[in-house]
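S.K.: Here is how the chains run, residue by residue.
2 protein chains.
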Amino acid sequence: MEKAVVLLSGGLDSATVLALARAEGFAVHALSVDYGQRHSAELVAAVQVARQLGAADHTVVAVDLRAIGGSALTDDAIAVPTSGVAVDAIPVTYVPARNTIMLALALGHAEAVGASDIFYGANAVDYSGYPDCRPVFVDAFEALANVATKAAVEGRRLRVRAPVIDLSKADIIRRGAVLGVDFSLTVSCYQADDEGRACGVCDSCRIRKAGFDTAGISDPTRYQPAVV
Amino acid sequence: MEKAVVLLSGGLDSATVLALARAEGFAVHALSVDYGQRHSAELVAAVQVARQLGAADHTVVAVDLRAIGGSALTDDAIAVPTSGVAVDAIPVTYVPARNTIMLALALGHAEAVGASDIFYGANAVDYSGYPDCRPVFVDAFEALANVATKAAVEGRRLRVRAPVIDLSKADIIRRGAVLGVDFSLTVSCYQADDEGRACGVCDSCRIRKAGFDTAGISDPTRYQPAVV
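Chains A and B are the protein sequences, given in the same order.
By the count of my numbering, the first sequence reaches residue 1307 at its end, each step adding exactly one.
By the count of my numbering, the second sequence reaches residue 1307 at its end, each step adding exactly one.
Do not rely on the hints blindly, as some may be mistaken.
For identical chains, the list gives no copy identity; a pair is met inside one copy or between any two copies.
[Claimed, not checked] Listed next, the in silico SDA-like pairs over lysine to any residue satisfying Cα-Cα at most 20 Å (straight line):
id, residue 1, residue 2
1, Lys1229, Pro1170
2, Lys1288, Asp1250
3, Lys1082, Ala1146
Derived from the structure by calculation, the hints contain no laboratory data.
Here chain A stands alone, though its shape is the one from the complex (with noise of 0.2 Å):
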């Protein structure tokens, strides 16, 4: 059995990523990374997901982006934006690097477990403000990757795979739907509670809801109280 990495954030994507890799037979190493982001429900999120989906294990590596900083995400004196989804412009929820440093403990754990895939929820569509989420990304680092390595110098290739890159949220919703993801269990909310309810009016939120709206799939997600 085939392994593959891959990186489980508790949003819908990735759980929908890990059905996808699981679909095709791999035998699941679902990673999860503790940033220092806002709250830990998503991280919560992930393990329920990894349950759910059968992945053969799960890790969380911790690394403490708040050192650097730059980020509604992983620095408290910015603020969440809540007023709506900006257009041609890179919110402050962008994270410098993030993506690349995940993928880069993702590489690290392929290697260590041995696997030849990493999957990975990158969407282009619903967050083309975010430069760490284009093909033009997920090749570089693949083309990294492969020279990286104990394991790509003794010549064992490895995969990068984004497989929902290009396909709207409804279409992710639809997909995860298919294969049997508990979209109930996954948190998308930037600034979740400690009990994994969504506020309903950040990005992430705002881009889930619409996606559940078109795909025409009773939207599971637990709000807050007070913005119900």
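Given chain A, put chain B in place with the hints provided.
M.R.: For chain B alone, coordinates are given in the frame of chain A:
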């Protein structure tokens, strides 16, 4: 004054690289990574080196690579070899994707502080067995960096510099000595004690000692009493 991020390990290669960056006129933002290595003496050394060589500031980012393991440096169950430097094999002190992870953190820091250059003390001569110390790796990382960040998308090119990559250890020592590096502050040993004293027998100690011998420069390394 242009800004540069310098990855600073506390060893002599990165100390020399920091001195080179200063000599080029950069304001240096030193970055060290606490990745769960066997001892913290090298991080103490990094603090002292940053101060001695006039870094503008020094940041330490923690990332728990022990969660991944797979190396003698991050897994206490794997012993550090002390019987001599092996030829044509990647040693067990290789940490899966470590340099990719450290460069990714440097990339995030560079973006957060607005740096144009990342300096990296890789050396392809003494560590020929490490895939992530080769020029092809540095080039691939630079290519990635220039599609990965908000700065790159906005047209600010980032340079990834490895100025000692093709120098012998003796030449690095000669270069550092000219630039005023106080090598007595640096720690290269894979298993230094709490006071930063070297074991004298691990690969890193052997390569360092031979470098001072060849350079004809007195070795200021403090060794543990048992092995002197």
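S.K.: Taking 20 Å as the upper bound on the Cα-Cα distance, should Lys1082 and Ala1146 be classified as within, between, both, or neither?
M.R.: This pair counts as between: shortest inter-copy Cα distance 18 Å, intra-copy 33 Å.
S.K.: One pair to classify: Lys1288 and Asp1250, alpha carbons no more than 20 Å apart. Within, between, both, or neither?
M.R.: within (13 Å within a copy, 60 Å between copies)
S.K.: Classify it for me, Lys1229 with Pro1170: is the Cα-Cα distance of at most 20 Å met within a copy, between copies, both or neither?
M.R.: between (37 Å within a copy, 10 Å between copies)
Comparing the model with each numbered hint stated earlier shows that all of them hold.
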